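Engineer: The primary structure of each chain is shown beneath.
Number of protein chains: 2
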Amino acid sequence: MKIENVILFQIDKTSKIAKLYSQREFERLGMGITVEQWILLKIIEENDGLTQKELAAKSLRDPASITRTLDLLNKKEFVERRAVEDNRRQYSICLTRNGKTFIDKFMPIINNHRSKSIDGISQDELNTLNRLLEKIQQNMH
Amino acid sequence: MKIENVILFQIDKTSKIAKLYSQREFERLGMGITVEQWILLKIIEENDGLTQKELAAKSLRDPASITRTLDLLNKKEFVERRAVEDNRRQYSICLTRNGKTFIDKFMPIINNHRSKSIDGISQDELNTLNRLLEKIQQNMH
DNA sequence: TTTATTAAATTGATATATCAACTATTGATA
DNA sequence: TATCAATAGTTGATATATCAATTTAATAAA
Numbered sequence: 001m002k003i004e005n006v007i008l009f010q011i012d013k014t015s016k017i018a019k020l021y022s023q024r025e026f027e028r029l030g031m032g033i034t035v036e037q038w039i040l041l042k043i044i045e046e047n048d049g050l051t052q053k054e055l056a057a058k059s060l061r062d063p064a065s066i067t068r069t070l071d072l073l074n075k076k077e078f079v080e081r082r083a084v085e086d087n088r089r090q091y092s093i094c095l096t097r098n099g100k101t102f103i104d105k106f107m108p109i110i111n112n113h114r115s116k117s118i119d120g121i122s123q124d125e126l127n128t129l130n131r132l133l134e135k136i137q138q139n140m141h
Numbered sequence: 001m002k003i004e005n006v007i008l009f010q011i012d013k014t015s016k017i018a019k020l021y022s023q024r025e026f027e028r029l030g031m032g033i034t035v036e037q038w039i040l041l042k043i044i045e046e047n048d049g050l051t052q053k054e055l056a057a058k059s060l061r062d063p064a065s066i067t068r069t070l071d072l073l074n075k076k077e078f079v080e081r082r083a084v085e086d087n088r089r090q091y092s093i094c095l096t097r098n099g100k101t102f103i104d105k106f107m108p109i110i111n112n113h114r115s116k117s118i119d120g121i122s123q124d125e126l127n128t129l130n131r132l133l134e135k136i137q138q139n140m141h
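So the sequence lines, in the order shown, correspond to chains A and B. Each step along the first sequence adds one to the number in full-length UniProt numbering, with nothing skipped, and position 111 is 111. Each step along the second sequence adds one to the number in full-length UniProt numbering, with nothing skipped, and position 58 is 58.
It is worth saying that the hints were derived from the structure and are not from the lab. A portion of the hints provided could be inaccurate.
As the list claims (entries may be wrong) - Which residues of chain B face chain A? A partial, calculated answer using Cβ under 10 Å:
#  : residue
1  : Lys2
2  : Asn5
3  : Ser15
4  : Ile33
5  : Glu46
6  : Asn111
7  : Lys116
8  : Ser117
9  : Asp119
10 : Asn130
11 : Leu133
This structure is a prediction, so every number in the text was calculated from the model and none was measured. By construction, the Cβ of each residue, glycine as well, lies at the ideal position given by its N, Cα and C atoms.
All chains, please: the whole structure from these sequences, using the hints.
Structural biologist: See the structure below:
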């Protein structure tokens, strides 16, 4: 069987195409951040106060990578590390007012982009797609 | 809508999990190459004699990245750059005997792995999955 | 034929990913 | 309590990705 017909190859291909497209859009709009940074920012917005370890797990990235991305987002004053009361090893990562403003500014465009990606796909099909992807994720453990 | 429910996020997540799993397997087996290198090698096996530009397109990677990966695969004597008759700018990339042996050695395990990834998914569902992924790829242009 | 443009591959600069080692802190146990 | 092990985050080393610039060759135009 040719590798083009292997489902994992197609999944990876789709991911690469989508990320490339998004990154180009980000640059065209002069957003000044990468797709991975945006994803992390959104996760923080939706789950205020998580630790870096938790962020790493949610975004499927290495904790070291999270450290460095947070440094960048912090330099832009989009997020901040807050001390955790009963544990001085970890930080609680929060969105700043600035970060919220940034997200609010670009969210409509991101939503357009998300809509565009599923153009011509029914809700039923989307559910199926999600279910199958989850199944594959489970299989890879 | 939470980012976990965005289909592009799930696709990327699946891709990351699968790649991580594969890479671990590669290391466990002592294969000595990365997943991306394996993919390129397979593409070369299945399409003997392509140019680097064509390989870049097929694997959705940058030509510069292909150059460097080919240097690695060449150092392992898995592939070779052959002069092209009527165009001295490009190379025809071919699998060596050594590369063929390597693929033959590990292909059964890769096949197991591919099977594992689609465990519990019917052929019908796989077709649907493929169709939807292709649709998304088209949407991102 | 000479010159200018386009193209394939390479190289250098830079960004970001992972892993391993390290630091500081916490938790467990003797 | 003192010691040892485990944990969160950071840092350094390394690998690999992209983009831009460069080199060499092919093609088009003057």
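Engineer: Against the structure shown, which of the earlier numbered hints fail to hold, in ascending order?
Structural biologist: 4
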